[in-house]
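A.B. asks: Protein chains in written order, with our numbering: chain A, 108 to 419; chain B, 8 to 281.
Wrong hints could be hidden among the right ones.
Stated by the list, open to error - Taking lysine-lysine pairs in the DSSO-like style, the calculated list, with each CA pair at most 27 Å apart, reads:
1) B:K87 <-> A:K313
2) A:K383 <-> A:K199
3) A:K199 <-> B:K83
Simulated from the structure, these hints should not be mistaken for laboratory data.
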Amino acid sequence: MDLSVAIGSLRIPNPLIAASGCFGYGVEYADSVDLSSLGGVAVKGLFLAPREGHVPPRIVETPSGMLNAIGLQGIGVHRFIDEKLPELRERKATVFVNICGTTIDEYVELARILSDADGVHAIELNISCPNIKEGGITFGCSLPGTHNVVSAVRRATRLPVIPKLTPNVTDVASFARAAEEAGADAISLVNTFLAMAIDVETRRPKLTNIVGGLSGPAIRPIAVRMVYECRQAVKLPIIGMGGIATAEDVLEFMIAGATAVQVGTASFVDPFIWTKLLDGIRAYMRRHRIETLSDLTGTLDTTARHKAWISS
Amino acid sequence: MPVDVDAAVISNTRLSDDYSVLALAAPAIATHALPGQFVMLKTSRGRDPLLRRPFSIFQILRHDDGSPRGVTVFNKRIGKGTSLLYDVEAGARLECLGPLGRPFDPVDPPVLAWMVAGGVGLAPFVTLAEALIARGTAVTLFYGARRAADLHCAPIFERLGVSIAVSTEDGSRGTPGLITAPLSTALSAIPASQPLRLYVCGPTPMMRAVAGVAASHGRPCDVSLEQVMGCGLGGCYSCVVPARDAGGVPHHTRSCIDGPVFDATRIVWEALVH
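Could you build all of it, start to finish, from the sequences and the hints given here?
C.D. replies: In structure tokens form, the structure reads like this:
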């Protein structure tokens with residue numbers, strides 16, 4: 108059985124990627140999880156400079172989900188390369204570096220710096236974090252902004268460029284098209300849904316940042332629909348995510364059109380989820396006599412729907 | 008390296024309407040647990056609550072032959088997850104991940120060990136007391152609570168040979184008021200030449216006050232901080248506390264992997280949210 112999939116020129120051993128912001132810099136898990144057994148590790152979003160992020164509380168649970176407003180705390184790209192990347196390289200991880208900037212020049216500089224670093228396999232452009240005002244969300248919510256930042260980074264690196272799209276727009280497929288026209292190698296979606304929760308006893312927001320991003324199984328059906336819409340709109344490989352917690356969820360995203368997936372919130376609950384997901388995928392492939400997993404992508408069958416039996 | 012055990016509940020002993028001691032069969036965790044470490048417990052089989060909850064390892068359970076059998080946690084019913092745990096019955100199964108976090112560093116004689124616990128903050132001190140007693144270190148527990156009915160498990164410490172000083176805010180047992188009062192009195196009575204280390208766990212204002220008392224007496228002090236955690240493994244950056252680095256510069260520092268035990272002088276108390 109072949110579980111490998113291709114994200115542009117990058118072939119990864121299976122479609123399971125640890126989602127950015129949910130897996131630290133990967134090294135935190137190096138003793139518990141065989142990083143080389145994952146399709147990839149998308150490391151926590153990096154700016155050029157270190158950032159302290161938001162004041163806690165930074166997370167709150169909601170039914171089948173959670174809100175977060177971490178605020179992109181991070182060590183900056185230089186310390187990442189010096190302190191984290193060598194171990195990721197040693198552990199043979201496929202590294203997707205998630206980058207964030209406030210200007211196009213910052214994204215370009217980050218991409219250049221990472222292109223020169225040994226052990227980076229792809230660049231995920233964070234133009235979708237809902238929790239910081241000054242960051243890439245302003246690019247991610249504007250079609251020309253998305254086009255401009257993707258094309259500028261495209262020119263600055265030979266690494267695969269993967270803009271991560273926000274679901275907090277009216278028509279996500281149009282952003283997928285903008286990314287494709289600008290030369291992206293793939294797109295990843297969805298980032299979290301802007302949301303909030305209130306303590307009614309105190310009438311205070313449950314997060315210091317007032318609003319945060321909703322993730323977890325609660326968002327999965329919306330994310331699947333958005334992946335499906337993007338699949339209709341573009342030819343690019345799609346990395347789907349949003350509430351994946353079981354092998355069945357992975358397969359659902361792939362059938363909707365994803366080539367690979369990212370898993371985030373569910374790995375908080377179960378850090379050893381990866382082997383369970385892979386076992387479930389293999390069992391499905393045996394049951395359906397699928398030899399090559401990538402054949403499953405975009406195979407949604409809409410022909411068998413019941414036909415309308417009343418003419419309107 | 009942490010392990011995830013689908014642990015059978017051996018027993019759930021209700022101590023009051025709020026407190027219970029939950030015993031879990033988890034030999035793989037018990038084997039490696041160090042004093043002050045914690046486990047992440049899934050409080051339901053379903054997705055509400057979605058995330059696990061951090062709990063200090065309260066006791067290491069052993070079979071008659073001494074081999075590790077499991078761990079207990081000291082649970083106080085506060086929210087949804089802790090209420091579910093309070094209601095759990097023997098025979099149920101709970102996913103239990105651990106051991107996690109930076110443990111306490113037990114001192115050796117002639118250094119005295121003074122443990123200061125507030126309410127449910129008693130949780131990390133049984134394992135610490137056992138480790139200290141095993142080294143021959145003299146151990147004292149200062150144990151404060153709101154009322155006498157909230158003081159639990161003192162006999163466990165008495166059996167270990169720990170000296171105990173108690174305070175209650177309503178004066179229903181021990182010294183009336185906060186635990187810092189008897190602690191300050193006792194610290195003043197110890198000559199400066201007698202080395203001593205404080206270990207503290209409790210509500211944030213209490214830990215801050217004790218850290219202040221320790222500093223004013225020039226005594227080293229370790230605190231075990233309790234924060235909301237998403238993963239317990241350093242992945243999510245939810246549980247950060249403001250802590251100074253080696254150069255004295257404060258940063259948001261993950262309490263799951265850099266803590267939960269910190270040198271109290273590292274913490275920027277005025278910035279610590281509780």
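A.B. asks: Hint by hint, say whether it matches the structure.
C.D. replies: Comparing the hints with the structure gives:
no.	hint	in the structure
1	B:K87 <-> A:K313	holds (15 Å)
2	A:K383 <-> A:K199	holds (21 Å)
3	A:K199 <-> B:K83	violated (43 Å)
When the structure is compared with the earlier hints, a violation turns up for hint 3 alone.
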